[in-house]
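Enquirer: Residues 2 to 427 (this note's numbering) make up the sequence shown, in order.
Since the hints were derived computationally from the structure, they do not count as laboratory data.
Some hints could be false.
Unchecked claim - Okay, derived cross-link-like pairs now, EDC-like style, lysine to aspartate or glutamate, Cα gap no bigger than 16 Å in a straight line:
#1 193 / 127
#2 123 / 373
#3 419 / 370
#4 419 / 86
Stated by the list, open to error - What follows is a list of derived Cβ distance ranges for each label pair:
#5 55 / 108: 18 to 26 Å
#6 35 / 419: 55 to 63 Å
#7 325 / 166: 21 to 29 Å
#8 415 / 319: 36 to 44 Å
#9 89 / 356: 35 to 43 Å
#10 34 / 199: 25 to 33 Å
Ideal placement from N, C-alpha and C gives every residue a C-beta, glycine not left out.
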Amino acid sequence: MKKSNNTIFLIIAIIVNVLTYTVNLLGGNSISFNYLISINLIFISISSYYFFTRKDFLNPVGLFFISWLLLVGVSQLKLSYYQQEWSIKAWVVILGSFIAFLLGYLYINIILLKYKKKSDHKIITERLFWVIVSLVTICILSLLIEINALKFVPLFSDDPGAYKKFSYKFFHYFVVLVAIVPSLTILYKSNKGKRRIWYINVISMIIPILIVSRQLLIFEVVTMFIVYHYCIKRFKLKTIFVVCICSIILFSASSVLRQQDSEYMFQASNFKDSKFASIAQAYMYFTMGFDNVNNLVNYNVSFDNGKRLLKGLELFTRVEINISNGEEYLVTPTFTAPTYLYALYLDFGVLGTLIAPFLIGVIVSLLYERRESNNLNIVIYSMILYCLLFSFFVNWYYNTTIILFLVVTILIKFLVTKNKSRISIK
């Protein structure tokens with residue numbers, strides 16, 4: 002969107018807000034305060050998205066405005082009886098973390114570092130192909146071992162919780178590694194790979210369906226989309242809406258695989274109005290995490306002092322770390338999405354929800370600036386951006402699987418890359 006169009010949008014937003022407040026004042030506060038907050042946050046998030054994404058609609062700051070601030074605004078509609086008024090402390094944590102991320106991003110992007118590329122990195126295409134083939138082979142063998150050991154496949158099980166039980170020792174980590182394959186295949190094609198590789202992507206999509214892992218499937222779609230955007234062809238803005246819709250459909254359709262129908266989801270959502278039944282599932286998954294944070298910060302919890310972060314590294318350290326599950330602070334056991342702040346707060350309190358987002362902003366800014374200095378950097382960036390996009394859901398930064406994805410991708414980077422570039426810092 003052009004700068005002039007963005008200015009017009011902001012003017013419209015201001016006019017709508019003024020009219021809303023005026024109508025509310027003259028109508029004797031006929032519009033609730035929560036609706037006013039909702040209108041403001043939605044307009045701020047959309048206009049800010051257009052402001053930050055004038056050159057690249059996948060700009061992480063613009064996307065974070067949509068995936069965080071817009072959903073905060075939507076949550077203030079409070080369509081469910083589970084959603085209560087937020088405390089001041091909750092607002093400080095939820096909005097303060099957002100501001101901290103922006104400060105971290107801008108600190109790197111504007112104030113501290115300027116990158117200048119001296120030369121290009123070169124990927125050994127043939128070696129990358131055999132890495133992809135080897136990775137898929139390991140994933141398939143690990144899946145067969147799990148099926149043989151557990152004697153069931155989640156997709157064909159009548160148990161709605163079968164997907165949670167499908168994990169056999171460390172083999173499951175090899176199975177889910179298939180999620181990084183689609184983005185690697187895009188990378189292979191972008192480097193003029195000549196071999197047919199489409200069938201590998203088909204296998205990569207089938208495995209998450211078999212184990213009924215909707216997050217794994219969405220991870221594949223989102224990261225592949227991001228890598229394709231930067232490596233092969235820039236998408237138009239309208240494409241992002243199509244991808245978002247497809248992701249929501251995939252997310253919702255997976256409930257059918259998990260034996261969860263719309264009537265069940267509406268009853269579990271405890272909605273105030275039955276006419277919104279069709280959006281109950283999506284609304285609760287996208288917004289309930291903020292209410293879980295509100296519920297959490299209102300308790301005098303005992304902090305884990307970093308143990309939750311170390312828990313994510315347990316696979317690599319082989320040291321068992323015991324932590325509280327934290328589920329006792331959830332509003333309802335049906336919707337357990339706690340946003341990425343939940344684990345941060347249980348680890349370090351309010352301070353953790355401010356410092357960690359700042360550091361995440363720094364990391365995201367660095368990766369975004371260097372996304373074109375090496376193609377493998379784009380794959381790594383796509384994973385971090387995925388964590389950012391779904392920060393309203395859970396803390397993927399603490400997740401062992403995501404950490405494993407990053408470690409394996411970095412190893413692949415060193416294996417298939419000829420490093421001929423030098424980055425100078427001014």
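Enquirer: Decide, hint by hint, whether the structure agrees.
Expert: Tested hints:
1. 193 / 127: With a Cα-Cα distance of about 10 Å, the restraint between residue 193 and residue 127 holds, given a limit of 16 Å.
2. 123 / 373: Given that 16 Å is the threshold and the Cα spacing comes to 12 Å, the pair holds.
3. 419 / 370: violated, 20 Å
4. 419 / 86: violated, 55 Å
5. 55 / 108: 18 to 26 Å: holds, 21 Å
6. 35 / 419: 55 to 63 Å: holds, 56 Å
7. 325 / 166: 21 to 29 Å: Given a distance of about 22 Å, which is inside 21 to 29 Å, the answer is holds.
8. 415 / 319: 36 to 44 Å: At roughly 23 Å between Cβ atoms, residue 319 and residue 415 fall outside 36 to 44 Å, so the hint is violated.
9. 89 / 356: 35 to 43 Å: Because 20 Å falls outside the window, the suggested range is violated.
10. 34 / 199: 25 to 33 Å: violated, 53 Å
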